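Each chain, letter by letter, is given below.
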Amino acid sequence: MNKKYLFLLCCFCFFLTGCWDEMNIEERGFVVGVAFDLAEEQSGDSPMITMTNQFVVPAGFGTPSEGGNSSEKPYSNLSVTGQSLFEMTREMATIQGNAPYYEHLQSIVVAEELAQEPHMFENVMDLLIRDPEMRRETRVVVSAKKAKDILEIEPTLEPLPAMHINTVNDNIDRAGGLIQPLRIGELNEYMLEEYNYLIPIVRAFEDRIIFNGAGIFDGKSNQLVDTISGLEIFGVNLITGKLKGGFINFKAKDEKMVYEIKQAKSNIKIEADQTDHITIDIEIDTEGNIAETFGGRSLLDENYMEVVNKHLREEIKHQVTDILKKGQEEIGMDFFGFSKIMREKHYKTWEKIKGDWEDGKNIFQNATINVTVENTIRTVGTTNRTKDLKRSE
Amino acid sequence: MGRSLYRKNDKKKAEENFSLEIGTNLAENLGNVRKMLENPNDLIIREFTIGNGNHRTAIVYIDGLVESVYIQDHIMEDLKQATELPDDKQELFDVIQHEVITLTDIERGQSLDDVSNAILSGKTVFYLDEVNQVLIMDTKGGENRSVEEPQSESLIRGPREGFVEDLSTNTVLIRQQIADPNLRFKNYKVGRRSKKDLLVVYMDGIANPDIVEEVKRRLETIDIDDAPESGYIEQWIEDSFLSPFPQVLSTERPDKAAEGMLQGKVVIMLDRTPFVLIAPATFGSSMHSPEDYYWRWSLATLIRMLRYLAAFISVFLPALYIALVSYHQGLIPSKLAFSIAASRHGVPFPPFIEALIMTVTMELLREAGLRLPTAIGQTIGIVGGLVIGEAAVSAGIVSPIMVIVVALNAIASFSLPSYDIAISFRILQFGLMCAAAIFGLYGIILGYIMINIHLVNLTSFGVPYSAPFAPNFLSDWKDLVLRAPITMKKKRPVFMQTNDEKLMNKGDIGNEKV
Numbered sequence: 001m002n003k004k005y006l007f008l009l010c011c012f013c014f015f016l017t018g019c020w021d022e023m024n025i026e027e028r029g030f031v032v033g034v035a036f037d038l039a040e041e042q043s044g045d046s047p048m049i050t051m052t053n054q055f056v057v058p059a060g061f062g063t064p065s066e067g068g069n070s071s072e073k074p075y076s077n078l079s080v081t082g083q084s085l086f087e088m089t090r091e092m093a094t095i096q097g098n099a100p101y102y103e104h105l106q107s108i109v110v111a112e113e114l115a116q117e118p119h120m121f122e123n124v125m126d127l128l129i130r131d132p133e134m135r136r137e138t139r140v141v142v143s144a145k146k147a148k149d150i151l152e153i154e155p156t157l158e159p160l161p162a163m164h165i166n167t168v169n170d171n172i173d174r175a176g177g178l179i180q181p182l183r184i185g186e187l188n189e190y191m192l193e194e195y196n197y198l199i200p201i202v203r204a205f206e207d208r209i210i211f212n213g214a215g216i217f218d219g220k221s222n223q224l225v226d227t228i229s230g231l232e233i234f235g236v237n238l239i240t241g242k243l244k245g246g247f248i249n250f251k252a253k254d255e256k257m258v259y260e261i262k263q264a265k266s267n268i269k270i271e272a273d274q275t276d277h278i279t280i281d282i283e284i285d286t287e288g289n290i291a292e293t294f295g296g297r298s299l300l301d302e303n304y305m306e307v308v309n310k311h312l313r314e315e316i317k318h319q320v321t322d323i324l325k326k327g328q329e330e331i332g333m334d335f336f337g338f339s340k341i342m343r344e345k346h347y348k349t350w351e352k353i354k355g356d357w358e359d360g361k362n363i364f365q366n367a368t369i370n371v372t373v374e375n376t377i378r379t380v381g382t383t384n385r386t387k388d389l390k391r392s393e
Numbered sequence: 001m002g003r004s005l006y007r008k009n010d011k012k013k014a015e016e017n018f019s020l021e022i023g024t025n026l027a028e029n030l031g032n033v034r035k036m037l038e039n040p041n042d043l044i045i046r047e048f049t050i051g052n053g054n055h056r057t058a059i060v061y062i063d064g065l066v067e068s069v070y071i072q073d074h075i076m077e078d079l080k081q082a083t084e085l086p087d088d089k090q091e092l093f094d095v096i097q098h099e100v101i102t103l104t105d106i107e108r109g110q111s112l113d114d115v116s117n118a119i120l121s122g123k124t125v126f127y128l129d130e131v132n133q134v135l136i137m138d139t140k141g142g143e144n145r146s147v148e149e150p151q152s153e154s155l156i157r158g159p160r161e162g163f164v165e166d167l168s169t170n171t172v173l174i175r176q177q178i179a180d181p182n183l184r185f186k187n188y189k190v191g192r193r194s195k196k197d198l199l200v201v202y203m204d205g206i207a208n209p210d211i212v213e214e215v216k217r218r219l220e221t222i223d224i225d226d227a228p229e230s231g232y233i234e235q236w237i238e239d240s241f242l243s244p245f246p247q248v249l250s251t252e253r254p255d256k257a258a259e260g261m262l263q264g265k266v267v268i269m270l271d272r273t274p275f276v277l278i279a280p281a282t283f284g285s286s287m288h289s290p291e292d293y294y295w296r297w298s299l300a301t302l303i304r305m306l307r308y309l310a311a312f313i314s315v316f317l318p319a320l321y322i323a324l325v326s327y328h329q330g331l332i333p334s335k336l337a338f339s340i341a342a343s344r345h346g347v348p349f350p351p352f353i354e355a356l357i358m359t360v361t362m363e364l365l366r367e368a369g370l371r372l373p374t375a376i377g378q379t380i381g382i383v384g385g386l387v388i389g390e391a392a393v394s395a396g397i398v399s400p401i402m403v404i405v406v407a408l409n410a411i412a413s414f415s416l417p418s419y420d421i422a423i424s425f426r427i428l429q430f431g432l433m434c435a436a437a438i439f440g441l442y443g444i445i446l447g448y449i450m451i452n453i454h455l456v457n458l459t460s461f462g463v464p465y466s467a468p469f470a471p472n473f474l475s476d477w478k479d480l481v482l483r484a485p486i487t488m489k490k491k492r493p494v495f496m497q498t499n500d501e502k503l504m505n506k507g508d509i510g511n512e513k514v
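Sequence lines, in order, name chains A and B.
Residue 255 in this note's numbering sits at position 255 of the first sequence; the count goes up by one each step and never skips.
Residue 18 in this note's numbering sits at position 18 of the second sequence; the count goes up by one each step and never skips.
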């Protein structure tokens, strides 16, 4: 009997503790987007940062039966300036009423000027990687101007600007000029391994978000070094094999054509027998179809198709070598992931030449890179030509 | 632990036993009967003479309990028409029993106790003057419901007949299902005062003798005044009265009872109730419906899986809602989280109270629907549910999502084939809701583990309740969550340890391994 009472007594202890983690869903301040800017007024030794949180205002969504409440915005942005991010989130709790809750954080926008400061970016990211409330899936973008402005754009389809960034980013397979969004988890890996990486750049243009190019980040100092354009991203994607789709404009015998890439593979082989000079062979294999032509010649002509293919190969090769040259000569940084392949495939050599890869002996800059391109044109569309050129002449 | 509570050694008899022997004086004998029953107005004592007025006789019965046509045609007529009767009283008595009366069920009684038992169960007693014995003739009659479709277990496809209150009709229904000489009926009397007939029915040669013996042993311990329904029996003989799970199945369907017996189970039938008990029960068998075997296997399998999903929903859904909404908002997909937050905007109660209000309301509606006549009950149920749900939402007391959760939960619980198991899930649901409100998902997992520990500990008449899940019998999985084609089900359930393992021989001619 005594044991029974003891057991009951133990059970009552649970009730004494209460529900310490309990917080009702409507009391949470859901943060969907965070933007980081350098504060306009700087004071003290360490730089001041302005953190903007985009809170969801659930009432703004309206219930479906009410047909959506348009009078209220579904989000509210709140900016706080300070030095420590943690301090700022706590400050926000006192202003907002609902404590910020980051488990539904969709995107992080970092201003370009902040990213250009050495070590600033990694310090900002520390909390976002460290905090257990943060997800590894959260995406990071760089804003060309003020990051806060990106969160203030009112998209027409998506109710929340922060989520709109992701929806645009998801269309990477339609346009080759978009880089795969960088997830916080990947960022963490790149930072630890000191690989260079690319982060997409967004711009606020009137009331639209435009993805334009990408920022090249130095893996050691984690700062934005240079930017590349959308067309150059296309080349990078072809090299890394991460191209999910896209199109390429080219001319075959003065006829403008558009080749739609459905699938692209790349095979990179690095010969690292000599430690002072390495050779990189890149094989690019694409598959796609002719999406549009501005001429009238029949595409069923095999000889002509071979000419078309040749021009296409040259165009692709041209784009790829352009960006490789820019990387090697102009920027002097390896953002193609070659260093990762070196580490994985030639670990011993890599350990020796690691310090001379981009600096010192400049092994990367002096490397010989050979590019070969293969195309498979699967179809030319539902018709071989839409107009008869001979007759119109 | 609970069984000891029942084993009260209270054998003191509460009634005065009429052990009076029957005398030779007819008037005195009839007087005794009158005195014992205090001469109620439905006690019919008809005195008459036979054999040209030489022999004084009487028949005694209770009006309404007997079929008066029997008395008229087979007793009165036969006795009047009998000629050349012997003069010796004892000889005459023998002749009447063996030659005159054409009723088939006829026996002799010696004491007043026999007489009272007989007439109270619808028999007719024949007295002959100067003979200290009586004839007890079965003239049972009375009002009986005809065989109808079972109300609590209606099926789309399957026999439309259900058990009725009358035990002999029920026996016939069982006999009609299984025409096997090994079908055994063992008779018991239950109730010190009601003296109801109780039958233990099983297939000799299939059912494990240990299980049959255990059922009989437990039935023999029953010592109550009356058992108005088989629920009394169930609660007397079940293994653990603390468990929320039904350890004996009850059914109104003869086909289900027959199927149970062919799986080696024992069927317990009580007079005056259409619900028969099937023992032992397992968790798996509570989730089965006879219809599963009547449909083709692909559909049956799909329905079975759906049913297990329904079981999960009926136990866990409100608890999951509470846990996710008050602790783990990060686990809800973003857009759903925002819309739940929007719908909960302005609701004054925490999710647990909200869920409690709605589930209790649901239970009340269910209960109210049962009490009212069928036609009104349904309308009240539906209209009440809609009105209360709709009104509660627009009044801002509960969120629309909560209404969906409760509705889904109720639908899932109704879709379970056995009402018994649905009730036990309802009980568990409240416990899990509390666990979720205190500990969140962690509490639900704790509750789930506790339920599982309980399930594997529970036995029903020696058969593990969780079989064939927990003592794992792979071959029985053919008829568990999935239902394999009938031709593949060649054995009776292994966990029942039946004497005769094989269920069929067809299609197995070439490779008889068993």
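These aren't lab readings, by the way, just hints derived from the structure by calculation.
Misleading hints may appear alongside valid ones.
[Stated by the list, open to error] Computed cross-link-like contacts, DSS-like style, restricted to lysine-lysine with a CA-CA straight-line distance of at most 27 Å: (1) A:Lys73 with B:Lys502; (2) A:Lys348 with A:Lys317; (3) A:Lys326 with A:Lys345; (4) B:Lys195 with B:Lys216; (5) B:Lys335 with A:Lys148; (6) B:Lys502 with B:Lys478.
[As the list claims (entries may be wrong)] Pulled from the structure, derived: some chain A residues nowhere near chain B, Cβ distances all over 10 Å: (7) Asn24; (8) Ile25; (9) Glu26; (10) Arg28; (11) Val56; (12) Pro58; (13) Gly60; (14) Thr81; (15) Gly97; (16) Asp131; (17) Met191; (18) Gln223; (19) Gly245; (20) Lys345; (21) Gly381.
[Stated by the list, open to error] Stretch by stretch, here's where chain A covers chain B in the computed footprint (C-beta under 8 Å, at least three residues): (22) 82-89; (23) 315-328; (24) 346-354.
All values derive from a computational prediction rather than experimental measurement.
Think of the CB as a built atom: it goes at the ideal place given N, C-alpha and C, for glycine as much as any other residue.
Hints and how they fare:
Taken as a hint, the A:Lys73 and B:Lys502 pair is broken in the structure, with Cα atoms around 71 Å apart against an allowance of 27 Å. Between A:Lys348 and A:Lys317 the alpha-carbon distance is near 31 Å, which puts this suggested pair outside the 27 Å criterion. A C-alpha spacing of about 25 Å is found between A:Lys326 and A:Lys345, which places the hinted pair at or below 27 Å, so the restraint holds. With a C-alpha separation of about 17 Å, the suggested pairing of B:Lys195 with B:Lys216 holds against the 27 Å cut-off.
Distance hint between B:Lys335 and A:Lys148 is fulfilled; the C-alpha atoms sit about 23 Å from each other, no more than 27 Å. Proposed proximity of B:Lys502 and B:Lys478 is supported: the alpha carbons are some 15 Å apart, at most 27 Å. Non-interface status of A:Asn24 relative to chain B is broken: a Cβ of that chain comes within 10 Å, the nearest being about 6 Å off. At the 10 Å boundary, the C-beta of A:Ile25 falls inside the reach of chain B, the nearest C-beta of that chain being 5 Å off.
Listed as outside the interface, A:Glu26 is inconsistent with that label: its C-beta sits roughly 5 Å from the nearest C-beta of chain B, within the 10 Å cut-off. A beta-carbon of chain B comes within 10 Å of the beta-carbon of A:Arg28; the shortest separation is about 6 Å. For A:Val56, the non-interface assignment is contradicted: its Cβ lies about 5 Å from the closest Cβ of chain B, within the 10 Å cut-off. The Cβ of A:Pro58 sits about 4 Å from the closest Cβ of chain B, inside the 10 Å cut-off, so the non-interface label is violated.
Here A:Gly60 does not stay apart from chain B, with its beta-carbon only about 8 Å from theirs, under the 10 Å limit. The Cβ of A:Thr81 lies farther than 10 Å from every Cβ of chain B, with a closest approach of about 28 Å, so its non-interface assignment holds. Against chain B, the non-interface label of A:Gly97 holds: every CB pair exceeds 10 Å, the least being about 14 Å. The non-interface label for A:Asp131 is consistent with chain B: the shortest C-beta to C-beta separation is roughly 12 Å, beyond 10 Å.
Its beta-carbon lying about 24 Å from the closest one in chain B, A:Met191 satisfies the requirement of being farther than 10 Å from that chain. Under the 10 Å C-beta cut-off, the non-interface status given to A:Gln223 relative to chain B holds; the minimum distance is some 31 Å. Every CB of chain B lies more than 10 Å from the CB of A:Gly245, the least distance being 26 Å, so the non-interface label holds. With a cut of 10 Å on Cβ distances, A:Lys345 stays outside the contact zone with chain B, its closest approach being about 39 Å.
A:Gly381, annotated as away from the interface, keeps every beta carbon of chain B farther than 10 Å; the closest lies near 38 Å. Only when three residues or more bring their CB closer than 8 Å to a CB of chain A does the claim for the region 82-89 of chain B stand; here the count is 0, and the claim is violated. A stretch counts as covered by a chain when three or more of its residues have a beta carbon under 8 Å from one of that chain; for the region 315-328 of chain B and chain A the count is 3, and the coverage holds. Check result for the region 346-354 of chain B against chain A: holds, 3 residues qualifying (beta carbon to beta carbon below 8 Å, three or more required).
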